[in-house]
Amino acid sequence: MPDYQNGDFVLILRSPFCITRFKSGDLIIFSHPFYGLLIKRIHEILPNGDLYVIGNLENSLDSRKLGYIPNANVIGKVIWSFKRKKYS
Amino acid sequence: MLHRLLEMVDNTIHFPEAQAHCDIPCGIYDPSAAQIAALTVVRMMDLMAGLQSGDDKSRIEYNNSMSRYIAVKEEHAEKAKNEIRIIWGDYFKKEKHPNVDDLAQKIMQLGSKCRQSADRETALEFVDAINEFSSKFWETKGIPTKKSKAPYAPALEMVYPVF
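Residue numbers (my numbering), protein chains in the order written: chain A, 1316 to 1403; chain B, 23 to 185.
Only chain A is shown next, with the shape it has when bound in the complex (with noise of 0.2 Å):
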């Protein structure tokens, strides 16, 4: 299952003020030149700060696809999340 599904919310810490605070395992959400805005996880950072994301689905892009992904492009970390109420 997707952490996020359509019509969820999501509180962001924009960047340059959590730029600091990155971590393993944070979201975050960037901007990629070919994908647009995106949510994914960070797995790895890397010396020069470049970040290596994923998704949590096997199907997921993740930066094997996207690339690195630079500080710059990071719009900033997840801090809350407001989730749409799931009608069984």
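If you're looking for bench data, these hints aren't it; they were derived computationally from the structure.
Incorrect hints may appear among the rest.
Each computed BS3-like pair below joins lysine-lysine, with the alpha-carbon atoms no more than 30 Å apart [to be verified]:
id: 1; chain 1: A; residue 1: 1338; chain 2: A; residue 2: 1380
id: 2; chain 1: B; residue 1: 101; chain 2: B; residue 2: 171
id: 3; chain 1: B; residue 1: 118; chain 2: A; residue 2: 1380
id: 4; chain 1: B; residue 1: 158; chain 2: A; residue 2: 1398
id: 5; chain 1: B; residue 1: 169; chain 2: B; residue 2: 135
id: 6; chain 1: A; residue 1: 1380; chain 2: B; residue 2: 135
id: 7; chain 1: B; residue 1: 158; chain 2: B; residue 2: 128
id: 8; chain 1: B; residue 1: 115; chain 2: B; residue 2: 101
id: 9; chain 1: B; residue 1: 115; chain 2: B; residue 2: 158
id: 10; chain 1: B; residue 1: 101; chain 2: B; residue 2: 163
id: 11; chain 1: B; residue 1: 169; chain 2: B; residue 2: 101
id: 12; chain 1: B; residue 1: 101; chain 2: A; residue 2: 1380
id: 13; chain 1: B; residue 1: 169; chain 2: B; residue 2: 115
id: 14; chain 1: B; residue 1: 169; chain 2: A; residue 2: 1380
id: 15; chain 1: A; residue 1: 1380; chain 2: B; residue 2: 128
id: 16; chain 1: B; residue 1: 169; chain 2: A; residue 2: 1398
id: 17; chain 1: A; residue 1: 1380; chain 2: B; residue 2: 158
id: 18; chain 1: B; residue 1: 118; chain 2: B; residue 2: 163
id: 19; chain 1: B; residue 1: 135; chain 2: B; residue 2: 171
id: 20; chain 1: B; residue 1: 115; chain 2: A; residue 2: 1380
id: 21; chain 1: B; residue 1: 101; chain 2: B; residue 2: 128
id: 22; chain 1: B; residue 1: 128; chain 2: B; residue 2: 118
So the derived label-pair ranges between C-beta atoms look like this [as the list claims (entries may be wrong)]:
id: 23; chain 1: A; residue 1: 1397; chain 2: B; residue 2: 177; range: 53 to 59 Å
id: 24; chain 1: A; residue 1: 1326; chain 2: B; residue 2: 143; range: 30 to 36 Å
id: 25; chain 1: B; residue 1: 72; chain 2: A; residue 2: 1329; range: 31 to 37 Å
id: 26; chain 1: A; residue 1: 1326; chain 2: B; residue 2: 183; range: 46 to 52 Å
id: 27; chain 1: B; residue 1: 55; chain 2: A; residue 2: 1326; range: 35 to 41 Å
id: 28; chain 1: B; residue 1: 157; chain 2: A; residue 2: 1395; range: 32 to 38 Å
id: 29; chain 1: A; residue 1: 1352; chain 2: B; residue 2: 94; range: 45 to 51 Å
id: 30; chain 1: A; residue 1: 1351; chain 2: B; residue 2: 88; range: 40 to 46 Å
id: 31; chain 1: B; residue 1: 85; chain 2: A; residue 2: 1320; range: 48 to 54 Å
id: 32; chain 1: B; residue 1: 165; chain 2: A; residue 2: 1379; range: 21 to 27 Å
id: 33; chain 1: B; residue 1: 163; chain 2: A; residue 2: 1363; range: 36 to 42 Å
id: 34; chain 1: A; residue 1: 1329; chain 2: B; residue 2: 163; range: 21 to 27 Å
id: 35; chain 1: B; residue 1: 87; chain 2: A; residue 2: 1365; range: 43 to 49 Å
Note that the structure is predicted; figures quoted are calculated from it, not measured.
Using N, Cα and C, we set each Cβ at its ideal position, and we do this for glycine too.
Given chain A's structure and the hints, the job is docking chain B onto it.
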């Protein structure tokens, strides 16, 4: 309740939308886009090498043309890398196709070198590596391939599927 409130606000001010982006997957893969992009990189390098500088007026033309060739070289080197990245990530599975990772990595590095320099030999290696990738791709589908010269400059030998 809070989600409902956010929905109402969103309907008015339209929050930016981020995608989580899982692949469908659609099953439509074709390395030809990468091959054409790599050919374009070689073509741009040839055009760059062929430009002649001269007096002040022609220097403006020279700078204009060179800038455009470089921009297209950059765009298509990255496009080739991206097309390969998609097929490598979505289509090839490590356990079924163990010898593709190194080739894909080589293509990524050659693509970056093509952006960083105007060395034709590097660009030719880039085309060769993508042709090899194309061969492996069509092999997985049981489709034979042939080598033919592209019908446009730089007229390099390319791998084409035989349907």
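Here's how the hints hold up against the structure:
no.	hint	verdict
1	A/1338 x A/1380	holds (21 Å)
2	B/101 x B/171	holds (22 Å)
3	B/118 x A/1380	holds (19 Å)
4	B/158 x A/1398	violated (44 Å)
5	B/169 x B/135	holds (25 Å)
6	A/1380 x B/135	holds (18 Å)
7	B/158 x B/128	holds (15 Å)
8	B/115 x B/101	holds (22 Å)
9	B/115 x B/158	holds (13 Å)
10	B/101 x B/163	holds (24 Å)
11	B/169 x B/101	holds (23 Å)
12	B/101 x A/1380	holds (12 Å)
13	B/169 x B/115	holds (26 Å)
14	B/169 x A/1380	holds (28 Å)
15	A/1380 x B/128	holds (15 Å)
16	B/169 x A/1398	violated (54 Å)
17	A/1380 x B/158	holds (19 Å)
18	B/118 x B/163	holds (13 Å)
19	B/135 x B/171	holds (24 Å)
20	B/115 x A/1380	holds (14 Å)
21	B/101 x B/128	holds (15 Å)
22	B/128 x B/118	holds (19 Å)
23	A/1397 x B/177: 53 to 59 Å	holds (58 Å)
24	A/1326 x B/143: 30 to 36 Å	violated (51 Å)
25	B/72 x A/1329: 31 to 37 Å	violated (48 Å)
26	A/1326 x B/183: 46 to 52 Å	holds (49 Å)
27	B/55 x A/1326: 35 to 41 Å	holds (39 Å)
28	B/157 x A/1395: 32 to 38 Å	violated (50 Å)
29	A/1352 x B/94: 45 to 51 Å	violated (27 Å)
30	A/1351 x B/88: 40 to 46 Å	violated (31 Å)
31	B/85 x A/1320: 48 to 54 Å	holds (51 Å)
32	B/165 x A/1379: 21 to 27 Å	holds (25 Å)
33	B/163 x A/1363: 36 to 42 Å	holds (39 Å)
34	A/1329 x B/163: 21 to 27 Å	violated (46 Å)
35	B/87 x A/1365: 43 to 49 Å	violated (33 Å)
Going through the hint list in order, the structure does not satisfy hints 4, 16, 24, 25, 28, 29, 30, 34, 35.
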